[in-house]
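Here the structure of chain A is known, so what remains is to put chain B in place on it, guided by the hints.
So you can see what is in the structure, the chains are spelled out below.
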Amino acid sequence: MALDKPYKDIPGTTIFDADQSRLGYHLNQFCMSLMKAANRERFKADERAYLDEWPMTEDQKLAVLARDLNRCIALGGNIYFLAKIGATDGKSFQQMAGSMTGMSEDEYRDMMIKGGRSAEGNRYIGEDGDAQPQHQPQGQAGRKKD
Amino acid sequence: MAKISASVYTSHVPAIGAAIDLGKTADPYWVPLFKGYEPSKEWMEANRPDVIFLVYNDHATAFSLEMIPTFAIGCAAEFQPADEGWGPRPVPVVKGHPELAAHIAQSVIQDDFDLTIVNKMDVDHGLTVPLNLLCGSPQEWPCPVIPFAVNVVQYPVPSGRRCYNLGKAIRKAVESFDKPLKVQIWGTGGMSHQLQGPRAGLINREWDNAWLDKLIADPEGAAAVPHIDYVREAGSEGIELVMWLIARGAMDDVAGGPAPKVAHRFYHVPASNTGVGHLILENQ
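Residue numbers (our numbering), protein chains in the order written: chain A, 1 to 146; chain B, 1 to 284.
Extracted from the complex, chain A is given alone in its bound form (with noise of 0.2 Å):
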């Protein structure tokens, strides 16, 4: 019997739960490796053959040459494992957190002091939020795209 996973209606939103923890797994401990002062420097030096030392598939090492930070959440990545990749690119977490809406970090952050994203239309998918599918991305990069 399937288990009770109330959360997958959430717009925008991947819950980090046992499954994702398990197609994550090597994504994750290879983020955790960076936690190193002298893994992060080997990463920057060649992070193709870093991340090849890796048992990941070849799409969880592409979304992180991307710094594509949807898709590696996609491929079981977890954010709090991810923020080492910012850590070591020198990004701070509204940076990172900001990336993944599409809107420049300016963008971002004057949607954070103006009082946050609203809840509104973003509770469930089919509603009309800025969160939702069709309204990606967000700000400039989603107007460029009319």
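Read the hints as simulated data drawn from the structure, not as lab findings. Be aware that one or more of the hints could be misleading.
Stated by the list, open to error - Think about it this way: if two alpha-carbon atoms lie no more than 20 Å apart in a straight line, the pair counts; the simulated PhoX-like pairs of lysine-lysine are:
hint	chain 1	residue 1	chain 2	residue 2
1	B	LYS24	A	LYS91
2	A	LYS36	B	LYS120
3	A	LYS114	A	LYS44
4	B	LYS41	B	LYS179
5	B	LYS182	B	LYS261
6	B	LYS261	B	LYS3
Claimed, not checked - Where chain B lies over chain A, by a calculated footprint (3+ residues, C-beta under 8 Å):
hint	stretch
7	1-12
8	42-56
9	95-107
10	113-123
By construction, the Cβ of each residue, glycine as well, lies at the ideal position given by its N, Cα and C atoms.
Same frame as chain A, now just chain B:
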């Protein structure tokens, strides 16, 4: 006998730690936040505990995916500030209270909560940022601290109900310790925030404040809030709020005593990605 004198609740945003470490607390962005904790520091001076039992979560720092304990109690004599990837925070070593920690572990496990006993662990911003907010930046922390780490990273995390009941068991454990210690219990993390996906940046000021009201006046009701409500209304990382229920469940009124006094309440948006909430409740 030991006694829980008060409970303290606060968010533990890493950017707050960075603002302190980089000397940015006087920047216009940060002034309103730190102003909200000025009364808390004064309160802390006037109500110095002997021990702080500090409920927080590890953010992929001490615990990787190799092991994911749901509840872990730090029983060591000291805990080093962790290198989370940006270098260790320049804060004092955290001194533990192995005797009380071992006593609580023994009592709470016998009360059917399966704690993991941890004798070696570095502590991250989840633990050190709340200490800074309440104690400032001293050469040494004002008292020993028992770190109590809760898994809120890999879902499913413990339910609010289970956390609340665990708080009751911790209260019972503290009160059976045979030394006259004044113990504070802190619940940290939250409030609304989401750090991932296109919904990143979600903040829900109304929900956060309604939840604070409920935590104060109707803790049973707050404990009954299901996981999905936190995720939907307060963002995927808003689920950290279940940790506040451990502290709330340890208060006197839950065991039939008088309602606590609200010594301080503060709410501010934003600190980086997060709605910051803070409460101090005193047992009467």
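Discussion item. Hints numbered earlier in the text: which of these fail when held up against the supplied structure?
Written reply: Hints 3, 4, 8 contradicted; others consistent.
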